[in-house]
Amino acid sequence: MARLNVNPTRMVLTSLKNRLRVAVKGHKMLKDKRDELMKQFLELARENKALREQVEALIGDVYSNFVIASAVMSSEVLEEALMYPKQGVTIEVGRKNVMSVDVPVFDFKTTTDDTANIYPYGFANTSAELDNAIENLSNIFPELLKLAAVEKEVQLLAAEIEKTRRRVNALEYVMIPQLEETIKYIQMKLDENERGNQTRLMKVKDMMVKEAIEEKQQFTKDAFDYYVNK
Amino acid sequence: MYKIGVIGDKQSVQGFKAVGLNVFDCNKAEEAKRTLHKIADDNYAIIYVTESLYDEIKEFIYEYNEERLPAIIPIPGMQGSLGIGIGNIKKAVEKAVGADILFGND
Numbered sequence: 001m002a003r004l005n006v007n008p009t010r011m012v013l014t015s016l017k018n019r020l021r022v023a024v025k026g027h028k029m030l031k032d033k034r035d036e037l038m039k040q041f042l043e044l045a046r047e048n049k050a051l052r053e054q055v056e057a058l059i060g061d062v063y064s065n066f067v068i069a070s071a072v073m074s075s076e077v078l079e080e081a082l083m084y085p086k087q088g089v090t091i092e093v094g095r096k097n098v099m100s101v102d103v104p105v106f107d108f109k110t111t112t113d114d115t116a117n118i119y120p121y122g123f124a125n126t127s128a129e130l131d132n133a134i135e136n137l138s139n140i141f142p143e144l145l146k147l148a149a150v151e152k153e154v155q156l157l158a159a160e161i162e163k164t165r166r167r168v169n170a171l172e173y174v175m176i177p178q179l180e181e182t183i184k185y186i187q188m189k190l191d192e193n194e195r196g197n198q199t200r201l202m203k204v205k206d207m208m209v210k211e212a213i214e215e216k217q218q219f220t221k222d223a224f225d226y227y228v229n230k
Numbered sequence: 231m232y233k234i235g236v237i238g239d240k241q242s243v244q245g246f247k248a249v250g251l252n253v254f255d256c257n258k259a260e261e262a263k264r265t266l267h268k269i270a271d272d273n274y275a276i277i278y279v280t281e282s283l284y285d286e287i288k289e290f291i292y293e294y295n296e297e298r299l300p301a302i303i304p305i306p307g308m309q310g311s312l313g314i315g316i317g318n319i320k321k322a323v324e325k326a327v328g329a330d331i332l333f334g335n336d
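Top line first, the protein sequences correspond to chains X and D.
With the first letter of the first sequence counted as 1, position 184 gets the number 184 in this note's numbering; the numbers rise by one all the way through.
With the first letter of the second sequence counted as 1, position 53 gets the number 283 in this note's numbering; the numbers rise by one all the way through.
Please keep in mind that the hints were generated in silico from the structure rather than gathered at the bench.
The structure presented is a predicted model; accordingly, all values stated were derived computationally and were not measured.
Take the hints with a grain of salt, since some may be wrong.
Mimicking DSBU-like on lysine-lysine, the simulated pairs with C-alpha atoms at most 35 Å apart in a straight line are [stated by the list, open to error]:
hint, chain 1, residue 1, chain 2, residue 2
1, X, K17, X, K49
2, X, K86, X, K39
3, D, K233, X, K109
4, D, K288, X, K216
5, D, K233, X, K33
6, D, K325, D, K288
7, D, K320, D, K288
8, X, K39, D, K233
9, X, K205, X, K216
10, D, K240, X, K49
11, X, K39, D, K321
12, D, K288, X, K25
13, X, K163, X, K25
14, X, K25, D, K233
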């Protein structure tokens with residue numbers, strides 16, 4: 001792992017140590033976030049799968065009702081019957097916070113409350129199969145809505161998990177080793193400097209002591225000569 | 231106040247009109263793409279798309295995947311389920327977990 005390109009000084013060392021501390025803390029928190037997201041996501045994905053299977057089966061039934069209806073009635077009459085809807089649906093979108101992911105919550109309102117009164121046509125020209133089909137469809141509508149909400153949540157959570165996982169990995173395998181390596185490098189460099197300094201001092205001291213001794217010897221020798229020649 | 235839209239071939243989606251959804255019948259991918267683009271910016275919170283069309287314009291739909299709204303949801307068309315909806319869940323699991331652990335046994 002390549003180390004960062006910095007000057008090996010004490011100040012850089014301190015700031016790097018701070019960065020490492022933050023990175024480690026952030027890594028731990030992101031990892032927790034990822035785990036919790038994953039837990040919720042898996043539950044949700046299971047629910048989503050079950051719900052989708054259920055809705056698909058129900059819609060299949062509705063379609064078969066429609067097929068029967070269109071077999072009994074001519075397509076023009078069918079189309080005419082469905083041309084002007086009586087029932088209207090609007091939805092309110094709330095928000096829900098799942099581990100800081102902003103997830104929409106759907107709440108629907110129908111304009112006609114009476115479920116017996118949703119048929120947008122007179123009963124004279126249409127067949128009972130069409131009534132069935134529409135009734136079934138309006139019955140599964142809440143499920144359909146729930147499916148939409150759950151599926152959207154799954155998509156959003158999946159995206160968030162992917163993002164979080166990338167961040168965790170980047171911290172774990174790039175950022176933190178890099179910082180650690182750089183810190184080690186600076187520490188070794190500083191230690192080396194320290195040792196160099198120590199040796200230099202010892203050397204200087206040796207030289208000074210040697211000089212002093214020589215001076216002293218010289219002095220003694222001079223004194224000796226002086227008395228001998230006197 | 232948001233609306234719900236349905237995009238699909240006429241046969242499949244005509245019934246949804248009766249229960250109060252806004253129906254757009256499209257037969258071609260190009261048409262569906264245009265419609266989707268138009269209504270996605272227009273206060274639609276949920277847009278149901280029949281699977282056969284969904285499959286044809288999925289690249290386009292994935293752009294909305296990470297947006298909060300609208301939720302674009304595949305529903306089976308007249309021809310029955312094509313497994314695209316389930317496939318989407320599977321893909322989401324793979325994206326999140328890195329491996330398919332929910333559907334592994336299917």
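Hints versus structure:
| no. | hint | result |
| --- | --- | --- |
| 1 | X:K17 x X:K49 | 47 Å, violated |
| 2 | X:K86 x X:K39 | 43 Å, violated |
| 3 | D:K233 x X:K109 | 10 Å, holds |
| 4 | D:K288 x X:K216 | 97 Å, violated |
| 5 | D:K233 x X:K33 | 34 Å, holds |
| 6 | D:K325 x D:K288 | 16 Å, holds |
| 7 | D:K320 x D:K288 | 15 Å, holds |
| 8 | X:K39 x D:K233 | 32 Å, holds |
| 9 | X:K205 x X:K216 | 16 Å, holds |
| 10 | D:K240 x X:K49 | 27 Å, holds |
| 11 | X:K39 x D:K321 | 17 Å, holds |
| 12 | D:K288 x X:K25 | 40 Å, violated |
| 13 | X:K163 x X:K25 | 18 Å, holds |
| 14 | X:K25 x D:K233 | 44 Å, violated |
Consistency note: the structure conflicts with the earlier hints numbered 1, 2, 4, 12, 14.
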